[in-house]
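Participant: The chain contents come next:
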Amino acid sequence: MIDLNLILENLPSFFGGAYGEPVLSTSDGLVMTFQLLGLSLLLGLALSVPLALMRVSRNKWLAWPVWLYTYVFRGTPMLVQLFIFYYGLSQFDAVRDSWAWEYLQEAYVCAILAFTLNTAAYTTEIIAGQIRNTHYGEIEAAKAVGMSRWLMMRRIVIPSALRRALPAYSNEVIMMLHGTSIAGLVTLADLTGVARRLYADSYQPFEPFLMAGALYLTFTFLFVWLFKRLEGRYLAYLAPRKH
Amino acid sequence: MKKVLVFTTLAALAAGATAQAETLRFGIDLNYPPFSKQGADGKPQGFDVDMIHALCAAMKTSCQVVPQDWDGLIPALNANKFDAILSSMQITPERQKAVDFTRKYYNIPSRVIGKAGTQVDQNTFKGKKIGVLRASTQEKFARDYWGKSGARIVAYSKSPESFLDLKAGRVDAVFVDGAVGDTEFLKTPNGKGYAFIGPNYSDAKYFGLGAGIAVKKGNKALVDRLNQAIDQIRKDGSYKKVQDKYFSFDVYGG
Numbered sequence: 003m004i005d006l007n008l009i010l011e012n013l014p015s016f017f018g019g020a021y022g023e024p025v026l027s028t029s030d031g032l033v034m035t036f037q038l039l040g041l042s043l044l045l046g047l048a049l050s051v052p053l054a055l056m057r058v059s060r061n062k063w064l065a066w067p068v069w070l071y072t073y074v075f076r077g078t079p080m081l082v083q084l085f086i087f088y089y090g091l092s093q094f095d096a097v098r099d100s101w102a103w104e105y106l107q108e109a110y111v112c113a114i115l116a117f118t119l120n121t122a123a124y125t126t127e128i129i130a131g132q133i134r135n136t137h138y139g140e141i142e143a144a145k146a147v148g149m150s151r152w153l154m155m156r157r158i159v160i161p162s163a164l165r166r167a168l169p170a171y172s173n174e175v176i177m178m179l180h181g182t183s184i185a186g187l188v189t190l191a192d193l194t195g196v197a198r199r200l201y202a203d204s205y206q207p208f209e210p211f212l213m214a215g216a217l218y219l220t221f222t223f224l225f226v227w228l229f230k231r232l233e234g235r236y237l238a239y240l241a242p243r244k245h
Numbered sequence: 039m040k041k042v043l044v045f046t047t048l049a050a051l052a053a054g055a056t057a058q059a060e061t062l063r064f065g066i067d068l069n070y071p072p073f074s075k076q077g078a079d080g081k082p083q084g085f086d087v088d089m090i091h092a093l094c095a096a097m098k099t100s101c102q103v104v105p106q107d108w109d110g111l112i113p114a115l116n117a118n119k120f121d122a123i124l125s126s127m128q129i130t131p132e133r134q135k136a137v138d139f140t141r142k143y144y145n146i147p148s149r150v151i152g153k154a155g156t157q158v159d160q161n162t163f164k165g166k167k168i169g170v171l172r173a174s175t176q177e178k179f180a181r182d183y184w185g186k187s188g189a190r191i192v193a194y195s196k197s198p199e200s201f202l203d204l205k206a207g208r209v210d211a212v213f214v215d216g217a218v219g220d221t222e223f224l225k226t227p228n229g230k231g232y233a234f235i236g237p238n239y240s241d242a243k244y245f246g247l248g249a250g251i252a253v254k255k256g257n258k259a260l261v262d263r264l265n266q267a268i269d270q271i272r273k274d275g276s277y278k279k280v281q282d283k284y285f286s287f288d289v290y291g292g
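From first to last, the protein sequence lines stand for chains A and B.
Residues are numbered in my numbering as their position in the first sequence, beginning at 1, plus a constant of 2.
Residues are numbered in my numbering as their position in the second sequence, beginning at 1, plus a constant of 38.
One chain only, chain A, in its complex shape (with noise of 0.2 angstroms):
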């Protein structure tokens, strides 16, 4: 039988009070999900979009870093890859002795910083598939009005591309809230990691893992009817003619 008392009782600490502080006075839960995911989806795309043309570039000297980088990160689960950061780097006296460490030795700072790789290896490759995409009648129409390589880049290719790869980053997104689950791994709060901490407190797993479940099912929904919207306005052009 589902114990709902435990759920009430502890509503607060999802939404990221903790132990019976009101709601948003802390850092964990909800609040802690949606912080890891907002500041690496946005480092991520901000870090996408440079790799992503230096992907798709001639020039092997550009390519291949960036073709080894995306390979490495989207061939390595993202928990192997927070372990990597969190566990692995404080091994190393010189990582420990740097200025870095003030930040490293912070969970939060290496749980961004797996995430935000993570997210920016397949947002670069989302972004590249759709440069290399894109429809030739668009680059000759640049050229004829004289557009250099750069502003053709930057006012055609770039926004062109980054509104077709709307419906592949979307899942993107979807799959990076999921991953953040793993953020509890490396002693912090979120979602996953409230539940975890009242399971173990009463010893009932259906409830609190049902209620972590429901809170990322409802925002999965979120996000996907939020990118409908977008694919709606920024790719109306592309949809079928209605009459």
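For the record, the hints were derived by calculation from the structure and aren't laboratory data.
As the structure is a computational prediction, the values presented were derived from the model and not from experiment.
Mixed in with the good hints there might be a few duds.
To be verified - Sample of chain A residues facing chain B (criterion: CB under 10 angstroms; computed from the structure):
id : residue
1  : 89
2  : 96
3  : 107
4  : 109
5  : 183
6  : 187
7  : 188
8  : 198
9  : 203
10 : 204
11 : 206
12 : 207
13 : 215
Unchecked claim - A short list of chain B residues far from chain A (calculated; beta carbon distances all over 10 angstroms):
id : residue
14 : 80
15 : 94
16 : 121
17 : 136
18 : 160
19 : 166
20 : 194
21 : 195
22 : 236
23 : 241
24 : 258
25 : 261
26 : 270
27 : 287
28 : 291
Every residue, glycine too, gets a C-beta built ideally from N, C-alpha and C.
Please arrange chain B on chain A, whose structure you already have, making use of the hints.
Facilitator: Structure of chain B alone, referenced to chain A:
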């Protein structure tokens, strides 16, 4: 007369056969050296594991050791994945709501590990970080004692991870079972420069009456059998044999 004799022999044989066939399954978290760990050969080792075998020898049953991560032990017991938990679980009123306990099989105080020479009182860790094992008695105590005076309590799912982070400087101290801290950190090369700081903590309100064996609520028969077995191994010396293999002090307590 002969018939009776045959009957009793058969009964004895049958009893012997059921005792042979019965296997007691013990759940244990293998991330708590020196009490429990996975040996190089992949087999469970440690004080708790040897204790299981000593108890089973006393009860004349065969035993199976079932590994399970710490925070899943009580739920798995209640789901019948094993018959008892022998995993350095402290007897506390909160846990007694979920499971039944035998009497203690050891009682060791908890200690703070930090940079050697540091003084410890309730305000020492204001604005600093203390590592604990998640859902342990140490976590509860640390949250109420140091947490209330401004310390950040960092919960780990495995105690070796807290030692790694102490060494790396991510936490300022680790609050841990004295025996675990001693053998697994302070006596290793990693523990150089660190020491037990401050007093023994054994407030029965938090740390209970020592570590006991947990069984499913209402399973009084098994509690009685295990209590008897604890008494027996205390008497016949097999308890001391296991203790002396791991510790140089009396772990049973007064």
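Participant: Hint by hint, say whether it matches the structure.
Facilitator: Against the structure, the hints:
no.: 1; hint: 89; in the structure: 6 angstroms, holds
no.: 2; hint: 96; in the structure: 13 angstroms, violated
no.: 3; hint: 107; in the structure: 5 angstroms, holds
no.: 4; hint: 109; in the structure: 8 angstroms, holds
no.: 5; hint: 183; in the structure: 14 angstroms, violated
no.: 6; hint: 187; in the structure: 7 angstroms, holds
no.: 7; hint: 188; in the structure: 9 angstroms, holds
no.: 8; hint: 198; in the structure: 7 angstroms, holds
no.: 9; hint: 203; in the structure: 6 angstroms, holds
no.: 10; hint: 204; in the structure: 9 angstroms, holds
no.: 11; hint: 206; in the structure: 7 angstroms, holds
no.: 12; hint: 207; in the structure: 5 angstroms, holds
no.: 13; hint: 215; in the structure: 17 angstroms, violated
no.: 14; hint: 80; in the structure: 21 angstroms, holds
no.: 15; hint: 94; in the structure: 26 angstroms, holds
no.: 16; hint: 121; in the structure: 17 angstroms, holds
no.: 17; hint: 136; in the structure: 5 angstroms, violated
no.: 18; hint: 160; in the structure: 18 angstroms, holds
no.: 19; hint: 166; in the structure: 13 angstroms, holds
no.: 20; hint: 194; in the structure: 6 angstroms, violated
no.: 21; hint: 195; in the structure: 7 angstroms, violated
no.: 22; hint: 236; in the structure: 23 angstroms, holds
no.: 23; hint: 241; in the structure: 19 angstroms, holds
no.: 24; hint: 258; in the structure: 20 angstroms, holds
no.: 25; hint: 261; in the structure: 19 angstroms, holds
no.: 26; hint: 270; in the structure: 30 angstroms, holds
no.: 27; hint: 287; in the structure: 30 angstroms, holds
no.: 28; hint: 291; in the structure: 26 angstroms, holds
Of the numbered hints stated above, those contradicted by the structure are hints 2, 5, 13, 17, 20 and 21, listed in ascending order.
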